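Starting from the known structure of chain B, arrange chain C on it as the hints suggest.
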Amino acid sequence: MAVEGEALTASGYIRHHLQNLTFGQHPDGSWGIAHGAEEASEMGFLALHLDTLFFSIGLAVLFLWFFHKVGKQASAGVPGAAQNFVEWIIDFINENVRGSFSGKNDLVAPLAATLFIWILLQNLMDLVPVDLIPWIATAIGIPYMKVVPTTDPNATFGMAIGVFILVLYYSFKMKGAKGFAAELTLHPFESKNPFVMVLFVPINLLLEGVNLLAKPVSHSLRLFGNLYAGEMIFILIALMYSGGIFIGAFGVVLQWAWAVFHVLIVLLQAFIFMVLTIVYLDMAHQVPDDH
Amino acid sequence: MNINLTLIVQLFSFALFVWFCMKFIWPPIMAALDERKQTIADGLAAAERGKREQELAEKRAKELLAETKEQAAELIAQAQKRASEIVEESKGEARSEGQRLLEAARAEIDQEVNRAKEQLRSQVVALAVSGAGKVLAREIDAKAHADLLEELVANL
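Sequences listed follow chains B and C, in order.
According to the working numbering, the first sequence is numbered sequentially starting from 1.
According to the working numbering, the second sequence is numbered sequentially starting from 1.
Just to be clear, a hint being listed does not mean it is correct.
[To be verified] Below, in silico cross-link-like pairs of lysine to any residue (SDA-like), each with a Cα-Cα straight-line distance of 20 angstroms or less:
| hint | chain 1 | residue 1 | chain 2 | residue 2 |
| --- | --- | --- | --- | --- |
| 1 | B | K104 | C | M22 |
| 2 | B | K72 | C | A66 |
| 3 | C | K23 | B | Q83 |
| 4 | B | K69 | C | P28 |
| 5 | C | K23 | B | D91 |
[Said to hold, decoys possible] Calculated from the model, a selection of chain C residues having no Cβ within reach of chain B, i.e. all distances over 10 angstroms:
| hint | residue |
| --- | --- |
| 6 | A57 |
| 7 | R60 |
| 8 | A61 |
| 9 | A73 |
| 10 | R95 |
| 11 | A107 |
| 12 | Q111 |
| 13 | A146 |
None of these hints come from the bench; they were simulated from the model.
No experiment lies behind these values; they were computed from the predicted model shown.
All C-beta atoms in this analysis are idealised placements derived from N, C-alpha and C, irrespective of residue type, glycine included.
Excised from the complex, chain B in its bound form (with noise of 0.2 angstroms):
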């Protein structure tokens, strides 16, 4: 599993482990794949993780492709298992954006779709046994692999920023300008004595501004670190597997449980990005009649 100049201990297993196959300038200019986590730091900004977007874009065109295919011969008469099964995720998710999300836009339920389907299928690709793909990936000479790409907040701040971007952009459309800007500044602190309230005006945009930009940082960091926690058990447990046979067997039951348990974390953590993209989105869309 080590890559050569790495000893196979404990610890250089787990660093190899939550290492991205990062691809990047090396610091003598040429470019490559870094080795190591000290190389991939010193890449900088312009250095992609292949691994990353090899899983997530796969499985988002895996996505696409089978519901696209799915829905080109939806029809109204008596649907067969596919489409039964690709209504039925729709239904759900239409459910859901009809409960939570009180204005009229188009793309929100799709997007919701998206963001849940395509978040759940990086999830599960937690579920696959920690070293079988990095074992194969090695034998045919990539040396590193990480495979959930939720676990690379890369891809969890790209898709928060993504939704971040539209709950801005919504609420320029339907606030105005000036309705966004007094939500900003006009909350919490307010004042009927127009001295009183210009002091207040720069507290307001502080709490306020804080409170907008949490979101994005929140809504991505949640869905990262309870990913990133699930994927570092499950390394650890596979540490077991070299303790010795009882250790070993031990570490087969844990395993086993773990993954039982993740199965409900995975879906949870895709449905409650989910739910907060439409929440935000029913924010932006909400116009204050109290001014």
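Then chain C, alone, in the frame of chain B:
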């Protein structure tokens, strides 16, 4: 664990996926769902309508049956009435015919009796005349005493 260009690529691919989902996946599936919903609603409405129509038809059939029964009963009553009328009529006819026949017979009998009486009378007259003739052979001329004899006949 570094934030790098991956984030930007993820952001754009995310936008692309959402756009694709909104453009090519959502509309056909929603259309199918809506169409099915419409079909089911139509079917239910049609079933409801059919049920109501059936009820109506049943009711009408019942009414028709009752009406027919009533008419049949009426017809039977009429027929019975007519039959008894006919019987009565023919009874009356028979009675009057009998009466007529009786009267005709009586008249005939009377005629016969009269005729017999007439015959008898003329025979008696002839007999009396011949008897008288024989008695009064020479003295009485039949012609001369015809008036007298006629009167005698009328008084018989």
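Each hint, compared with the structure:
no.: 1; hint: K104/B x M22/C; verdict: holds, 15 angstroms
no.: 2; hint: K72/B x A66/C; verdict: violated, 59 angstroms
no.: 3; hint: K23/C x Q83/B; verdict: holds, 18 angstroms
no.: 4; hint: K69/B x P28/C; verdict: holds, 10 angstroms
no.: 5; hint: K23/C x D91/B; verdict: holds, 18 angstroms
no.: 6; hint: A57; verdict: holds, 31 angstroms
no.: 7; hint: R60; verdict: holds, 36 angstroms
no.: 8; hint: A61; verdict: holds, 36 angstroms
no.: 9; hint: A73; verdict: holds, 55 angstroms
no.: 10; hint: R95; verdict: holds, 86 angstroms
no.: 11; hint: A107; verdict: holds, 101 angstroms
no.: 12; hint: Q111; verdict: holds, 106 angstroms
no.: 13; hint: A146; verdict: holds, 131 angstroms
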